[in-house]
Each structure stands twice: as structure tokens, then as C-alpha cells.
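Between the sequences and the hints, there should be enough to build the whole structure, so can you do that?
There are 2 protein chains.
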Amino acid sequence: MSAEQQSETGAQGSIVLSVDAMGGDRGPAAVVAGIAKAAQKNPNLRFLLHGPKDELEQLVSRRKGLSAVTEIRNADGIVHMEDKPSHIMRHGDNTSMWSAIEAVRNKEATVVVSCGNTGALMLLSMLRLKKLPGVNRPAIAILWPSRNPQGFNVMLDVGADIRADARDLLQYALMGVSYARNGLSLPRPRVGLLNVGVEEHKGRTELKEAHELIANHASDANCDFVGFVEGSDIPGNRCDVIVTDGFTGNIALKTGEGTAKLIGDLLREAFSYSPLSRLASLLALTSLTRLKKRIDPRRVNGGVFLGLNGTVVKSHGSADPTGVAAAVKLAYDLAQSGFSEKLAARVASAVTPDHDADETGQTNGTTK
Amino acid sequence: MSAEQQSETGAQGSIVLSVDAMGGDRGPAAVVAGIAKAAQKNPNLRFLLHGPKDELEQLVSRRKGLSAVTEIRNADGIVHMEDKPSHIMRHGDNTSMWSAIEAVRNKEATVVVSCGNTGALMLLSMLRLKKLPGVNRPAIAILWPSRNPQGFNVMLDVGADIRADARDLLQYALMGVSYARNGLSLPRPRVGLLNVGVEEHKGRTELKEAHELIANHASDANCDFVGFVEGSDIPGNRCDVIVTDGFTGNIALKTGEGTAKLIGDLLREAFSYSPLSRLASLLALTSLTRLKKRIDPRRVNGGVFLGLNGTVVKSHGSADPTGVAAAVKLAYDLAQSGFSEKLAARVASAVTPDHDADETGQTNGTTK
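Same order as they appear, the protein sequences are chains S and X.
So for the first sequence, this note's numbering puts the first residue at 1; every next one is plus one.
So for the second sequence, this note's numbering puts the first residue at 1; every next one is plus one.
A hint or two may mislead.
Said to hold, decoys possible - Mimicking DSSO-like on lysine-lysine, the simulated pairs with C-alpha atoms at most 27 Å apart in a straight line are:
hint, chain 1, residue 1, chain 2, residue 2
1, X, Lys293, S, Lys202
2, S, Lys64, S, Lys84
3, X, Lys292, S, Lys293
4, S, Lys292, X, Lys293
What the hints assert, rightly or not - Derived DEER-like restraints, expressed as beta-carbon distance ranges:
hint, chain 1, residue 1, chain 2, residue 2, range
5, S, Asp265, X, Asp93, 47 to 55 Å
6, X, Asp93, S, Thr286, 58 to 66 Å
7, X, Pro43, S, Thr322, 56 to 64 Å
8, S, His87, X, Lys261, 40 to 48 Å
9, S, Arg163, X, Arg63, 52 to 60 Å
10, X, Asp54, S, Thr289, 53 to 61 Å
11, X, Glu269, S, Asn106, 41 to 49 Å
12, S, Lys202, X, Glu341, 28 to 36 Å
13, X, Arg63, S, Arg167, 52 to 60 Å
14, S, His87, X, Asp265, 43 to 51 Å
FYI, nobody ran anything at the bench for these hints, they're computed from the structure.
All values derive from a computational prediction rather than experimental measurement.
In this text, a Cβ means the ideal position worked out from N, Cα and C, and glycines have one as well.
As C-alpha cells, then:
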């Protein structure tokens with residue numbers, strides 16, 4: 001890749017992503033296969049790939065055309081899943097994760113993609129990229145399969161921080177709206193605040209305060225606030241953005257994933273019970289594949305860290321090439337829409353109102 | 001029913017349940033059909049049925065043999081789903097719900113069954129039955145489909161109270177253990193404390209304190225404490241009793257239900273997509289029915305209010321006769337095992353240790 005192409009948006013409209021090749025459960029081969037897959041679909045994609053140079057060069061050279069769009073940045077250290085984030089913060093400056101974040105800090109790329117240790121990735125991202133002015137707690141947002149026309153809801157925070165007060169929840173709402181607009185192309189997202197009932201008098205004190213704050217900011221933020229929503233609305237069609245603290249969000253996410261997995265396993269058992277049910281499963285294969293594709297977590301792979309100077313896409317640790325390619329696609333969409341800058345403007349507008357006109361004006365048609 | 005049979009456990013070993021016929025979404029017909037179904041399977045069952053006398057007499061007389069085991073207690077007032085619990089507390093003494101609770105208060109029955117308004121049922125139960133000595137917050141426990149040999153986990157609190165401190169969580173653990181022993185016949189239940197990670201240093205302060213308290217009481221309570229568990233363990237096989245506060249529990253429950261429902265709907269859509277998939281669904285019918293039965297919420301219908309002088313089984317508001325019969329079966333099992341007394345002894349033993357020998361000694365073989 002020429003030096004000219006290494007600018008933030010690259011030459012000829014190309015998009016540069018900073019990809020951590022290491023730390024995922026399947027090693028760098030899955031990551032390289034994933035970016036190769038994404039590169040075939042998006043000729044505008046360019047990669048800064050971080051990890052042990054010799055190993056990565058071998059892997060990249062085997063993929064047709066990938067060398068031409070990839071620059072390898074040597075980093076010998078690896079952040080492992082069991083490493084303590086605080087240890088990596090102090091001693092991790094030789095790791096591929098650190099190097100990947102550094103490239104966004106230096107404005108060589110706008111978005112980081114990593115399959116590694118979530119805690120370490122969040123801590124390093126906060127340390128090196130710093131929080132956006134006005135943001136108290138960054139959040140992790142994910143896409144959740146739902147009954148919405150777009151097929152997904154945005155939910156945040158799903159685990160960046162176990163605490164959140166009313167102002168944090170307001171910021172999550174604003175960041176989630178910006179993400180839904182740029183990541184899901186929704187001009188006017190509907191926002192719900194997660195609670196144990198939809199009545200306004202219900203729930204904890206900070207939720208009642210946040211209800212009022214979000215209601216007051218909804219018009220400025222070009223979103224519709226639907227008020228309190230319940231756990232059953234997470235896969236539903238009442239809203240597009242679900243706001244909650246990182247403790248509750250993490251429990252809800254893992255409960256939903258666990259329930260889906262249990263049903264999937266039981267479905268397999270049911271279809272392997274007898275010769276007749278095995279025959280039925282063959283006939284039903286297309287239907288079941290259609291269902292699987294609809295709720296396949298690999299299709300929506302990628303938690304997004306919001307509230308930092310730069311965007312970080314956290315791919316699932318066990319992501320296979322399809323999963324990595326989905327995370328890269330998400331990073332590409334966000335980079336192309338200028339999401340990092342728009343989010344910064346959106347958050348700043350809540351601190352100093354009347355500063356958010358340009359986000360909505362520029363949004364339509366800029367993504368996908 | 002003779003006066004003799006109206007004692008707490010009834011004559012000839014019969015069990016008397018106090019059933020609120022009103023307030024469910026499907027009206028008293030579903031409740032009467034449900035208790036008739038349960039009565040056919042358990043000849044020992046006797047009912048005190050609360051509601052408008054004329055209407056109930058008509059419904060009961062149409063079910064063969066039901067009049068002989070049912071005594072109707074007239075109550076003209078109905079608690080509706082949209083009624084405010086505080087209003088019912090002040091003005092609800094003419095309702096069928098109030099009357100049903102009163103029969104347990106007067107020791108005419110040990111367990112209440114109601115399909116009505118959860119908030120009102122909890123508030124009336126606390127007001128009339130009072131909390132057990134030593135219990136700060138009562139809890140609602142439910143059975144959750146899981147990979148356990150018994151097919152279910154006990155989870156509490158799923159919504160009685162949105163707050164819980166470390167001592168409350170300890171009491172939930174003890175009450176959940178007692179419920180798992182008497183409701184699921186598990187001599188030595190495994191207990192997990194719900195958190196955002198399994199490491200001991202993770203989570204909120206009250207969770208770390210509760211971790212220590214439960215660990216210290218596990219041996220006395222004849223249970224195994226497995227430490228922190230995550231949302232994905234709720235449908236899993238790591239433990240039998242999952243302890244959490246009512247806010248988190250409510251969100252997890254509704255998220256799990258919503259996810260299961262979404263997958264069910266998508267499965268139906270997938271199988272009605274084309275003529276071939278419709279043919280496949282016919283062949284797969286047995287397999288799908290087997291799956292549906294395994295996770296059918298009606299089979300495990302009944303949240304149980306724990307921590308009161310008497311046991312209250314809250315059936316789902318939309319329960320059909322099968323659902324009501326399941327709630328009645330659960331109430332029967334709990335009444336027969338002497339659950340209310342054992343739970344009281346268990347909680348008392350945590351306040352004054354060395355008082356819990358009789359619960360475990362009597363348990364094996366007393367249920368089901």
C-alpha cells in the first residue's frame with residue numbers, strides 16, 4: 001500500500017481499517033481469511049494488520065490480491081483471553097492490540113477491529129484514544145435480532161461499565177441514536193429505556209431521572225423516545241435503540257444468547273430423535289437454514305465501543321472467517337459514514353445544544 | 001366438602017388449596033377447567049374456590065366430580081390487571097383475591113393459587129400473610145427450562161422487589177434451596193449468584209458481600225455454592241438455583257421469554273415459506289411438538305412467592321386450563337411436602353443457626 005493511501009480515508013475514497021490479527025480463539029488464520037473475504041466484496045478496503053510479521057506475511061500472501069491492500073505492522077506480543085486488563089495496560093505496549101489502537105490514535109485509520117480480550121481492549125482504548133469530550137462512561141453497543149423492519153435493535157451498554165447514572169444513560173441514548181442512524185440507516189430511531197415495567201412510576205431512581213432527561217433531549221437529537229420498555233421488547237418492534245446500564249445489559253445479552261443456544265440444541269435433538277424425524281430434518285433443511293441465517297450471531301458480529309476518539313469494533317473471540325468478515329463490514333460501514341466525527345458532534349451537542357444540525361443533514365444515503 | 005376436610009391438610013391425607021377464580025385474562029372458566037383437570041389426576045385435592053358464587057357454581061357443576069371436592073366462597077369484587085396495587089390494598093377486601101389469601105391466613109389451606117395482577121397479589125399477600133420472621137424482602141421464584149437433569153433451574157427474585165442487599169441475596173439463596181429441595185426433589189441443590197463474570201473480583205459491592213455470606217452459609221444449608229454465574233448459565237447446567245435481585249431477574253426472565261418467542265415465530269415463518277417447507281413441517285410435527293413440550297411455559301406455570309407465612313403460587317395471567325392445572329400441581333406438590341413450614345425453619349436457621357436438621361432429614365421422598 002502506498003504512503004498516500006495510508007491517510008484516514010485513503011486515496012481514491014478507500015477506507016483504511018486497523019485490524020488486530022491476534023488474540024482470537026482461532027488465531028490469525030481466521031482473521032486473515034475474514035479480511036480477505038471482506039476485501040473481495042469491498043474493493044475500497046485497505047488494512048493495517050497488526051501481529052508477528054513473518055507469520056502474517058505468510059498468511060496474507062496465500063490470499064489472492066490481499067497483499068496489495070494490506071500493510072503489516074509487526075508486533076510480537078499477544079493479549080490472551082485470560083490476561084488481566086490492568087496488566088496489559090502496564091506491560092502491553094508490544095502487543096498487536098496496542099499497535100492496532102495506536103494506528104487509530106495516529107489517525108492512520110478510523111476504526112479498530114479486534115477479536116481479543118474485551119476488558120483489555122476497552123481499557124487500552126480508553127487509555128490511548130481517550131474519551132470524547134463530555135462523555136463520562138463509554139459504552140459497548142451490539143445489534144440484537146428483532147422484529148423490526150431492519151431486523152435488529154441496537155442495545156447499549158452491554159458491559160463496558162457496571163454502573164450508569166441518569167446522565168450516563170442519556171449519553172448512551174444519544175450515542176445509540178447516532179449508531180442506529182449510521183449503522184442501520186434509520187433517519188429517526190425510536191429509543192426505549194429498559195425497566196421492569198412500562199409505567200412511569202416504576203423502577204429505580206436513576207431510571208426515572210433518565211426518563212425525564214431523554215424525553216427532554218429527544219427532539220434535539222432527532223429521535224422518538226418511547227419511554228420505558230421491558231426485556232420482552234429487546235427482540236421486539238417497540239423501539240430501535242435500547243438503553244440500559246452495563247450490568248443489566250450484560251445479563252440480558254448472555255441470557256438471550258443462552259436461551260437461543262438451548263433452543264437450537266433442543267431443536268437438533270428433536271430432529272435426531274427417530275428415523276422419521278431425521279428424514280423430516282432433511283426436508284426441512286432449507287427452512288432451518290433460513291431461520292439459522294436470520295438469527296446467526298456471526299451475521300451481526302461486532303460490539304462497538306462508543307464514546308471514544310475513534311471507533312473500536314470488538315468481534316466475538318470465537319469468530320470464524322464469516323464472523324470476522326461481518327465485523328470488518330460493520331467497521332467499513334461506520335468508517336465510510338464518518339461515524340466517529342458524527343458521534344463526537346452528537347455528544348457535544350448534548351453538552352452545548354444547537355450543534356447537531358450537520359449530523360442529520362448529512363446522514364441520508366451516506367451508509368450502505 | 002365436609003367441615004372435617006377443611007383442615008389444613010384435610011381428612012384422609014387430602015390437600016386443600018385456596019384458588020382465586022377471577023382476574024385471569026381468560027376468566028373463571030379457564031380456572032375451573034384447570035382445577036378440574038388437576039383434580040382428575042390427584043384424588044387427594046380439595047379446593048376452596050373464591051369468586052361470584054352463582055357464576056362459579058354453574059361452572060363447577062358442569063365438571064364431573066368437581067362439586068364434591070370444591071367449596072365455593074363468595075366474593076363479588078375482582079382485581080383487574082390494570083388496578084393499582086395500593087388501591088386494592090385499601091379497598092380490595094371484597095375481592096376474590098383477598099378472600100383466597102384470607103383462607104391461608106386462617107389456616108384453612110396452605111397454598112394460594114391466583115392468575116391475577118402480580119403487584120396486587122404480592123402486596124395483599126405481604127399485608128395479610130405477613131413476612132416470615134427474619135425475612136426482609138419476600139421474593140418470586142420461577143422454574144426456568146435448562147440443561148439440568150431435572151430440566152429446570154429455580155431463579156429468584158424475578159420481580160418482587162427491585163432492590164436487594166447482600167443479606168437479602170443470602171435469604172433468596174436459602175429460600176431457593178428450600179424450594180429446589182421441595183419443588184424439584186433435589187437433596188443438595190447447587191446455588192449460583194448472577195453476575196457479569198465468574199471471577200470473584202467482578203461486579204457490584206453487594207454481590208461481593210453476598211458471595212462471602214452465601215459461601216459461609218452453604219454448608220449449614222446443605223447446598224453447594226458454585227459462586228458467580230452468568231446470564232448464559234440461567235438455561236445451563238452449572239447450578240440449580242440462581243440468585244439475583246428482582247430488577248435483574250425480571251429483565252432476564254422477560255428477555256429469555258421474548259427471545260424464545262421470537263425464535264418460535266421465526267421457526268413458524270420458516271416452515272410456512274414454501275410448499276416444500278410446509279410439507280417438511282408436517283413430517284417434522286412430532287419433533288417440533290416434542291421440542292415445544294420441552295420448553296412450553298405452561299408446563300412450568302407458576303411463580304412462587306417465598307418468605308411469607310404461607311405459600312402463594314402466581315399463575316400466568318393468560319394461563320389456559322393446562323397452565324392452571326400446572327400451577328395447581330405445583331401448589332399441590334409444595335403443600336404435600338410441608339414446604340411452608342420447612343421454608344420457615346430454613347430461614348429461621350440462618351438467623352439462629354443449628355436449627356435446620358429436620359428439613360433435610362424429612363425431605364427425601366416426600367415430594368412427587
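So, going through the hints one by one against the coordinates:
For a cut-off of 27 Å, the pair hint linking X/Lys293 to S/Lys202 is broken: about 34 Å separates their Cα positions. For the hint linking S/Lys64 to S/Lys84, the alpha-carbon distance of about 37 Å lies beyond 27 Å, and the restraint is violated. The suggested pairing of X/Lys292 with S/Lys293 holds, with an alpha-carbon distance near 21 Å, which does not exceed 27 Å. A hinted pair counts as satisfied when its Cα atoms are at most 27 Å apart, and S/Lys292 with X/Lys293 qualifies at roughly 21 Å.
Between S/Asp265 and X/Asp93 the beta carbon distance is about 49 Å. The supplied range of 47 to 55 Å therefore holds. For X/Asp93 paired with S/Thr286, a C-beta distance near 60 Å keeps the hint of 58 to 66 Å intact. At roughly 58 Å, the beta carbons of X/Pro43 and S/Thr322 sit within the given window of 56 to 64 Å. As the Cβ distance of S/His87 to X/Lys261 is approximately 43 Å, the hint placing it in 40 to 48 Å holds.
For S/Arg163 paired with X/Arg63, a C-beta distance near 55 Å keeps the hint of 52 to 60 Å intact. Distance hint check: the CB atoms of X/Asp54 and S/Thr289 are about 57 Å apart, consistent with the given range 53 to 61 Å. Hint check: X/Glu269 to S/Asn106, Cβ distance near 48 Å, so the stated range 41 to 49 Å holds. Taking 28 to 36 Å as the suggested C-beta distance range, the pair S/Lys202 and X/Glu341 conforms, at roughly 34 Å.
Judged by the Cβ atoms, the range 52 to 60 Å given for X/Arg63 and S/Arg167 holds: they are separated by roughly 59 Å. Distance hint check: the CB atoms of S/His87 and X/Asp265 are about 46 Å apart, consistent with the given range 43 to 51 Å.
Of the hints listed earlier, those the structure fails to meet are numbers 1, 2, in rising order.
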